[in-house]
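Taken in order, these protein sequences are the chains called A and B. Position 344, counted from 1, in the first sequence is what the working numbering calls 375; the numbers after and before it change by one each time, with no gaps. Position 582, counted from 1, in the second sequence is what the working numbering calls 613; the numbers after and before it change by one each time, with no gaps.
Worth flagging that the hints you see were computed from the coordinates, not collected in a lab. The model shown is predicted, which means the values in this text are computed figures rather than measured ones. Honestly, I wouldn't trust all of these hints.
You can't tell identical chains apart in this list, so a pair holds if it fits in one copy or across any two.
Dumping the calculated DSS-like pairs for lysine-lysine here, alpha-carbon to alpha-carbon at most 27 Å [claimed, not checked]: (1) Lys254 x Lys652; (2) Lys654 x Lys679; (3) Lys657 x Lys679; (4) Lys437 x Lys287; (5) Lys226 x Lys336.
Protein chains: 2
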Amino acid sequence: MSSSLKKAAGGAPRLFERYVPVDHARVSFDAGFWKSWSETVRDVTIPTQHMRLDEEGFLEVLDFDKPAGPLARPIQPSGLSMQHFFDSDFGKWIEAASYTLKNNPNPDVEAKIDAIVEKLEHGQMADGYLNSWFIRREPEKRWTNLRDLHEMYSMGHLLEGAVAYFQATGKRRFLDVMIRAVDHIIDTFGAEPGKLRGYDAHEEIELALVKLYRVTGDPRHLKLATYFVDERGRMPSYYDEEARRRGEDPADYVYKTYAYSQAHTPVREQTQVVGHAVRAMYLFSAMADLAYENDDPTLKSACDKLFDNLTGRQLYVTGGLGPSASNEGFTREFDLPNETAYAETCAAVALGFWSHRMAQIDLDGKFTDALETVLFNGALSGISRDGEHYFYENVLESHGQNRRWKWHYCPCCPTNIARFITSLGQYFYSAKADEVAVHLYGANTAELDVAGRFLRLKQDTAYPWEGDVRLSVGLSVPASLTFRLRIPGWCRTARISVNGQEIDFSASVERGYAAITREWKDGDEIRLSFDMPVDRLYAHPAVGEDAHRVAFKRGPVVYCVEETDIGTEPQRLRIARDAALEPRFDAGLLGGAVVLEGEALEADAGDWNGTLYRSAPPSLKPKAFKAIPYHLWANRAEGAMQVWLTEK
Amino acid sequence: MSSSLKKAAGGAPRLFERYVPVDHARVSFDAGFWKSWSETVRDVTIPTQHMRLDEEGFLEVLDFDKPAGPLARPIQPSGLSMQHFFDSDFGKWIEAASYTLKNNPNPDVEAKIDAIVEKLEHGQMADGYLNSWFIRREPEKRWTNLRDLHEMYSMGHLLEGAVAYFQATGKRRFLDVMIRAVDHIIDTFGAEPGKLRGYDAHEEIELALVKLYRVTGDPRHLKLATYFVDERGRMPSYYDEEARRRGEDPADYVYKTYAYSQAHTPVREQTQVVGHAVRAMYLFSAMADLAYENDDPTLKSACDKLFDNLTGRQLYVTGGLGPSASNEGFTREFDLPNETAYAETCAAVALGFWSHRMAQIDLDGKFTDALETVLFNGALSGISRDGEHYFYENVLESHGQNRRWKWHYCPCCPTNIARFITSLGQYFYSAKADEVAVHLYGANTAELDVAGRFLRLKQDTAYPWEGDVRLSVGLSVPASLTFRLRIPGWCRTARISVNGQEIDFSASVERGYAAITREWKDGDEIRLSFDMPVDRLYAHPAVGEDAHRVAFKRGPVVYCVEETDIGTEPQRLRIARDAALEPRFDAGLLGGAVVLEGEALEADAGDWNGTLYRSAPPSLKPKAFKAIPYHLWANRAEGAMQVWLTEK
């Protein structure tokens with residue numbers, strides 16, 4: 032079955048650009064930065080995650096024929112036996128695993144997925160309803176609390192898993208189970224008389240439905256997604272009505288405001304990013320999808336305002352987002368505390384999803400800059416170099432208390448970073464008519480269909496450690512194509528040559544992408560050279576936590592200082608404004624990485640004599656200084672870490 | 032009944048100094064700084080607190096004959112109908128109110144206290160047990176969970192209330208109720224065979240028992256306090272044993288470590304202040320009391336180590352303590368975040384209790400410095416200038432989200448700051464043989480008995496706004512006495528004159544107190560003059576949050592900048608190291624206070640054009656600057672506040 036997306040691409044004129052991302056399975060990381068990360072996730076992360084899901088009891092929830100008592104091994108630390116949304120976790124694991132299957136068939140993984148699918152099919156209710164908690168524990172309460180209990184969120188993740196598994200293997204069984212579940216939702220929810228006018232407080236089903244629509248071409252699937260997004264935030268709130276039906280006072284809602292779920296006001300009227308960060312990113316991803324599919328400029332314009340609000344006022348320099356643990360999300364603008372940063376891995380991954388979608392309808396480098404920022408920093412920091420330890424919170428400063436864990440009672444992040452990396456290829460290239468957009472740099476080999484031709488692209492590069500990229504063109508017959516090459520937002524000096532001839536591309540740069548149109552033939556070679564000095568970054572004065580502080584970034588990679596490298600807490604360092612910082616490739620550092628070295632000053636604690644406050648500022652002494660990529664922190668000895676360093 | 036303390040003072044030689052604080056009722060604040068605070072607390076705070084306790088249902092818990100259903104008005108925001116430790120709240124209110132009664136008899140307040148006492152007496156179980164929760168709801172569960180349920184903590188506060196009410200009015204009824212309750216505890220707990228070897232996880236009963244002992248002279252009361260302190264932290268833990276008796280796994284303890292309650296190791300082996308801050312301060316207060324009463328050098332030495340650890344590594348510049356909300360207490364050393372500071376009002380008040388007790392056994396200015404710091408800063412900030420709004424957390428930085436509240440579902444702080452202020456007189460002077468120690472400065476008139484003589488002391492001073500104090504001596508017959516006059520730790524230049532004659536006192540200064548011994552006669556006058564420039568304070572380099580920041584203190588008063596005074600968030604200010612700061616008395620500011628004025632720089636947000644990060648640091652423009660005493664913040668318009676200001 033070909034996707035409806037491809038069929039629609041040649042249709043009537045559309046409001047937006049409609050780039051089509053290359054399929055992830057057609058991009059191979061056979062060398063360079065992403066090679067070992069991809070292999071680690073495929074060979075370590077995917078199998079160990081299944082092992083954890085199994086041993087921690089997450090799969091046990093699918094034993095529909097057993098009494099739904101406590102799990103054999105209750106989830107710690109809450110003593111929790113089961114959560115309403117456990118289905119989402121193996122849904123995401125199936126999705127992540129599926130992305131590896133096309134190029135690396137794995138009967139063992141397939142068997143594990145099939146076993147889950149069989150249990151799901153067995154447990155699914157006759158009318159299509161599917162949620163392991165409610166079916167086993169309180170079927171009479173299904174659909175009575177969309178505000179808190181995540182039924183559609185869970186189904187959405189199963190649906191994404193089913194689509195990915197179908198695309199990887201051609202097996203329909205899981206997809207059919209989920210289509211029946213979606214049919215049930217269509218029968219139950221909608222603006223039509225007799226249906227419940229509800230929508231899930233944790234967004235996810237919306238973007239999953241667009242994925243389904245792109246596979247089935249069934250307009251009812253797109254219509255349901257559209258309904259959920261349009262209905263959101265309509266007043267009086269469905270959640271009030273629903274709470275009253277449960278005999279509860281809506282005023283007792285624990286999060287106090289539906290802004291927690293971006294349901295305080297219709298989505299097209301939202302201008303500030305609020306509430307739970309992952310929910311927000313999933314919603315905005317769906318809004319971008321629907322702008323794309325429905326040619327809806329009002330959704331695009333809402334997304335634009337929200338994106339500018341996020342990146343201009345609420346985004347960590349690492350691409351982390353959502354500073355607060357209490358709502359797992361946003362607080363006030365410019366509130367970006369470092370040590371207590373929540374900055375959930377899932378939220379950074381989902382910002383990648385949203386940014387990528389935005390770039391398909393509006394080829395603007397600001398979107399791919401955000402994608403690249405999360406990719407090399409705030410999302411990648413969520414997984415350890417060994418591929419089996421994780422962060423939920425991605426703080427920008429620590430005194431050593433933040434350690435990676437093997438598993439979590441709410442393990443949403445591990446499978447999210449896994450599916451991001453196993454599907455990474457799709458983020459590199461998009462095509463439209465006779466155009467190819469190159470969004471990301473990094474060694475890979477890709478196959479594309481453009482303007483009816485088969486195009487092979489190969490990037491040779493040490494990116495992100497170096498800014499030189501050789502892009503080789505493979506074509507069986509010559510073709511007239513436009514390459515739109517992203518000039519990264521962090522780059523102040525770029526050079527491009529074609530077949531050894533430097534070209535002046537500056538006039539062709541439009542919103543961060545340089546355009547080169549010509550008749551291309553097999554063996555042509557584009558060389559891109561992005562100057563990659565160490566950047567010193569300062570935060571807007573309203574970010575009180577970063578006052579008098581500097582962050583280091585080189586290319587797309589944000590740096591941090593770890594105690595283990597300098598033998599003292601980085602909080603004691605003072606960096607002179609003119610301090611020289613030398614980048615050096617350290618092959619021995621966790622698989623190889625560029626580190627920054629130089630001279631700092633250290634605030635001396637030796638002359639404080641037991642006092643905590645005094646009238647003389649600390650004295651300073653020279654101190655050798657080393658910074659490593661932020662995404663590599665907490666992979667070695669325990670200790671303090673700091674991204675925003677104090678300036679002298 | 033005279034206190035056993037006075038009787039014992041002339042006994043056998045003791046290890047420690049044993050100063051006796053002057054009774055609070057013998058110190059009158061008839062002018063100056065504390066006059067209006069005392070009057071506000073007596074005339075506004077005490078009556079409104081009773082009103083809140085009544086209207087919020089706290090007193091309803093004493094209706095022992097009614098079924099123990101939900102309260103008429105459940106406590107918000109938890110929907111809680113009743114807590115196990117509500118008795119402590121009216122216990123503390125009775126104590127606070129009682130301190131006002133001796134000099135200001137008030138039949139209405141007495142009637143309200145008598146009404147509570149009557150209900151308590153009526154509800155008390157035949158064996159003496161007294162706790163409204165357990166008696167009404169689950170009497171069979173009494174004494175089954177000392178780790179979590181605060182039974183002795185609540186009884187301790189009732190006991191302190193009973194002692195204070197007896198001392199104020201001579202009425203024995205409440206005291207007798209509580210003596211019966213203590214008899215019951217003595218029958219139930221102890222090291223003797225057949226008794227439970229338990230102790231309450233929330234300390235309080237220990238210091239209350241010493242107060243009771245000082246009234247009754249009954250050695251069993253002192254012995255019980257001693258048992259509780261000696262037993263604490265003995266392994267294997269009583270809390271493990273008790274949890275198993277309840278059928279629970281001790282490993283499921285929500286706070287994970289008994290360090291939360293200072294019960295992880297015997298108290299004499301503790302060297303770092305850990306866990307819940309109020310609990311720690313109440314324990315250490317009891318340890319100081321028992322060192323005093325039992326001549327126990329091991330407890331004194333433990334207190335010394337803990338005091339130095341607290342003040343050298345864990346105390347906010349305001350005297351606030353316990354940075355973390357999650358355990359209402361301590362984390363790691365030097366962890367002093369400003370915006371998320373918990374720094375509970377109760378903890379600062381209780382540090383006042385402890386410091387004061389330490390000074391009675393060891394006349395060292397470091398103890399009275401700490402007392403004075405909390406008094407003018409981190410404790411006083413817990414109550415509004417109007418006397419009926421409160422802070423639980425006393426942050427050192429805010430973006431305007433911290434507002435004072437009228438009442439709280441856990442209203443421990445309001446009554447704590449109330450009892451601190453209504454008994455404030457006791458902290459000013461102590462006597463021992465022919466010595467008088469003057470600990471605090473501030474306009475007052477006091478009556479003391481020293482060396483068998485009646486001594487009247489009067490301080491005329493605008494302290495803390497000015498550093499000049501005139502101390503007038505009133506004596507019916509001349510007396511040879513030593514005055515030990517505290518030279519505040521913040522003071523670098525002090526002058527003292529007697530009857531107009533400047534004296535050289537430097538050789539007499541011992542640990543922060545200058546000694547003047549002579550034959551004093553009626554009308555003698557000591558003048559103290561403490562230079563009071565504006566101090567710039569810097570924090571130890573290990574306090575990362577305060578790097579590159581400066582705090583202003585003048586005399587004992589810590590300053591802050593409020594947005595309402597400068598029209599911008601103080602987080603945007605940069606203070607030049609040589610910026611001149613002029614103190615000025617502002618009679619219109621909340622009853623009159625010295626403010627600091629000068630020129631700062633403001634980080635300019637005007638040229639950031641929607642970017643959040645950039646490679647150029649913020650530009651700076653001049654900005655008039657004003658700071659007010661920290662204890663006065665959040666009494667006017669909503670807005671941001673900062674104690675630690677960024678230096679240029």
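Now the hints, each set against the structure:
1. Lys254 x Lys652: Classified as neither; 66 Å inside a copy, 55 Å across copies.
2. Lys654 x Lys679: both (13 Å within a copy, 23 Å between copies)
3. Lys657 x Lys679: Result: close both inside a copy and across copies, 17 Å intra and 26 Å inter.
4. Lys437 x Lys287: Between copies, since 20 Å is at most 27 Å while 33 Å is not.
5. Lys226 x Lys336: The answer is neither: 33 Å in one copy and 69 Å across copies each exceed 27 Å.
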